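Trainee: In case you want the letters, here they are:
There are 2 protein chains.
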Amino acid sequence: MRDMLGREELITVEKALEILLSYAPLLKRPDEILLPINDSYGLITSRDINSPENLPSFNRSTVDGFAVNSADTFGATESFPAYLNIKAEILMGEEPQFKLEKGEIAKIATGGMLPEGADSVVMLEHTQRVDEKMIEVLKPVSPGENVIQIGEDAMKGECIIRSGHRLRPQDAGALAGLGITDAWVYKKPLVSVISTGDEIVPPDKPVRPGQVRDINSYTLTGLILNAGGIPVKKGLFIDKYEIIKDVVEDSLRNSYMVLITGGSSVGTKDLTAKIINDMGKPGVLFHGVSLKPGKPMIGGVVDNIPIFGLPGHPAAVNVCFEIFIRPVLEIQSGVNEKRFDRGKRTIQARIARNISSGPGREEHIGVTLEERNGELWAVPLLGKSGLITTLTKADGTAVIPLRKLGVQEGEIVEVRLLT
Amino acid sequence: MRDMLGREELITVEKALEILLSYAPLLKRPDEILLPINDSYGLITSRDINSPENLPSFNRSTVDGFAVNSADTFGATESFPAYLNIKAEILMGEEPQFKLEKGEIAKIATGGMLPEGADSVVMLEHTQRVDEKMIEVLKPVSPGENVIQIGEDAMKGECIIRSGHRLRPQDAGALAGLGITDAWVYKKPLVSVISTGDEIVPPDKPVRPGQVRDINSYTLTGLILNAGGIPVKKGLFIDKYEIIKDVVEDSLRNSYMVLITGGSSVGTKDLTAKIINDMGKPGVLFHGVSLKPGKPMIGGVVDNIPIFGLPGHPAAVNVCFEIFIRPVLEIQSGVNEKRFDRGKRTIQARIARNISSGPGREEHIGVTLEERNGELWAVPLLGKSGLITTLTKADGTAVIPLRKLGVQEGEIVEVRLLT
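Going line by line, the protein sequences match chains A and B. Take the first sequence: its letter number 263 is residue 263 in this note's numbering, and every next letter is one higher. Offset between the second sequence (1-based) and this note's numbering: plus 1000.
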């Protein structure tokens, strides 16, 4: 885009993301599959999961002690204990075959099933043995105390885990607890990675002067894995229209997202944009973003498959992936919940020195994090943005928003953690 | 431990962890292995990685423009531009076969190699074409401007990635950029999971009254995977000394850590502690911690292998894993750096209602997180700690420290994120 004076006008990060995400509902998604819960950690549920039964299926003690009718303990104190008769011991894993009558209690362990006639459990510590047959209760219990009621954990038919939820360790545990051993989840989306650029060579080949090694396909592979996708490396291609068009076409057929990385010259970028537009509709959605590093970023959609042209700078690849690509990939993976998530990847810290930033762009600066007197400080890494090693030293990137011209030492900034 | 009045005295979380970690240097660790970087994402380096060469190996342009001797641009302005002769165009991926003389410039693209005689690059935007052979430079450049110098990214022999570092996407990218295609990393440690308890049944079997399904081995499997270990499920065993002793013995021989989970009764816990002590030295290090949930936690070491007896409550399993087991597992995995890490898993939020806590214990409460007017609030989940579904609803657990009797609505608390 150009403004009235003919200068190139860049789109803001916010606006670019808004356009991109407006296509989200239509994007191609992987099929669902029924997997044993042991194989589904980290995958996204494709259906609501309802409880097939009441959990617990019986009134269960949460402590070691004595099952009792709470009314029998009312008013009990250390000076005036309630004297109750031990009727039986409830064995773990067994259903009590008796009923408690008034004045009776039964020994029970944590996890044990309450007998009929009992509504609560007195903790062992609040009792004193009188003899084989009798105990003193030194403290009253209220109805339901130290007991988990039938269905209190999950009611039969209740939705336990919603569709679109990433299965965490405790979620798998809960499913096992309900007797659910398999879950419907989405397969992971395949993401094609195409490296381009006449000057780019594979890392295992000798480098002639003027050449650089393929870095970004390795960074992208890791970022795709972290975001829950399956990277498919298509290889390294020279900047020729027909050659790149062929591999993009193949990638559009066989994956859910296409990433083109490599050359960072204007010529290469224009070629990438042209190919995206020639492939289908709507084509390029934005080309050039007011973001540093990451200005040459291209975002597009072709036949409901997102396709990105990434900047050449390694640090820009990382920043652009997290801002533009990860959210789209998560939607395609099936994530569909507003669960708090930003905190997992961004934190707040005080910036350790003044940083100036150009007007009208969002800027991301590599930082290390350190604690000083209990406060977190972000120490900017010096070095040009084109360096490969800047982000290997960084714990995260501090974000200077669009509308700020910089930050003062001590000011609070958002830091996106690099994990 | 008992105090002077004979009451059981629980060890604090801090003290328990200190005792446990004092054994860290001696703990058994997996071997190292040389892997292609494509297979080493998330693994821990076992050796320092040094740069085999200078990176870049040539002075490289970071912009599209004209390579120049900066002295030729001094004083240039829009009104009084410097007129310079275009000597050649430097093709991407090729070494320039000429030298710039005074008054000469050469066209260069981002990533291109500077010719001899040039020390900087004028951006295309700061030039104006006069004719085929000449341009005007409208703004001076300083020496080194828009250029990455030889070795500026990495000097030959410089340590790029230290031993004990978890390889992140950008680290793999940097290695590729240096022509390093394989890395020495530690194998992932095997962690045995032993489920015990007479009342515990597998999730695919019918449950009789008084029985509960094996939940914790599923939660632990996911937690071990998340922490970078390989879970080995040993199966479900009844609470018999000889039986559990046999499987613990086998686990000690064939893995790097042993987790025993299941029954939460005092009897089961005592059996676990006895077996740990009978297995070897030093045996049980602590048994019972001032922590809720998680009080019955047992930690021990036998012949340099850590062995834990976990509480029966599902929420306690999660809390105890993160507090005691993850740090030990990370050390055994080879992690050896003080890289900022807590922020990845804990954040600060305001608690949304008053919570009282028992004196002298650390308490963890399941919370959901929500943003209110730009501030993060932790909303406590109601429900008893024995519930399985509490943590499926939670985004994290809020921590009430040992020395506090509770928190007031609006007070800032640390929240450990459940991921």
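Take the hints with a grain of salt, since some may be wrong.
Said to hold, decoys possible - List of simulated lysine-lysine pairs, BS3-like, C-alpha gap at most 30 Å:
(1) A:Lys187 to B:Lys1139
(2) B:Lys1156 to A:Lys187
(3) A:Lys156 to A:Lys28
(4) A:Lys240 to B:Lys1133
(5) A:Lys205 to B:Lys1156
(6) B:Lys1139 to A:Lys404
(7) A:Lys99 to B:Lys1205
(8) B:Lys1139 to A:Lys292
(9) B:Lys1139 to A:Lys295
(10) A:Lys107 to B:Lys1187
(11) A:Lys234 to A:Lys205
(12) B:Lys1133 to A:Lys107
(13) A:Lys139 to B:Lys1205
(14) A:Lys156 to B:Lys1292
Don't read these hints as lab results, they were simulated from the structure. Bear in mind the structure is a predicted one, so any value in this text is a computation, not a measurement.
Trainee: Taking the hints in turn, state whether each one holds.
Mentor: Here is how each hint holds up against the structure:
1. A:Lys187 to B:Lys1139: Violated. Lys187 (chain A) to Lys1139 (chain B) sits at ~54 Å, over the 30 Å cutoff.
2. B:Lys1156 to A:Lys187: The given pair, whose Cα atoms are some 43 Å apart, is violated under the 30 Å limit.
3. A:Lys156 to A:Lys28: violated, 35 Å
4. A:Lys240 to B:Lys1133: holds, 28 Å
5. A:Lys205 to B:Lys1156: Holds, at about 18 Å.
6. B:Lys1139 to A:Lys404: holds, 26 Å
7. A:Lys99 to B:Lys1205: Holds, at about 28 Å.
8. B:Lys1139 to A:Lys292: holds, 22 Å
9. B:Lys1139 to A:Lys295: Roughly 22 Å separates the two Cα atoms, so the pair holds.
10. A:Lys107 to B:Lys1187: violated, 48 Å
11. A:Lys234 to A:Lys205: holds, 17 Å
12. B:Lys1133 to A:Lys107: violated, 100 Å
13. A:Lys139 to B:Lys1205: It is violated: about 39 Å lies between the C-alpha atoms, which goes past 30 Å.
14. A:Lys156 to B:Lys1292: holds, 29 Å
Of the hints listed earlier, those the structure fails to meet are numbers 1, 2, 3, 10, 12 and 13, in rising order.
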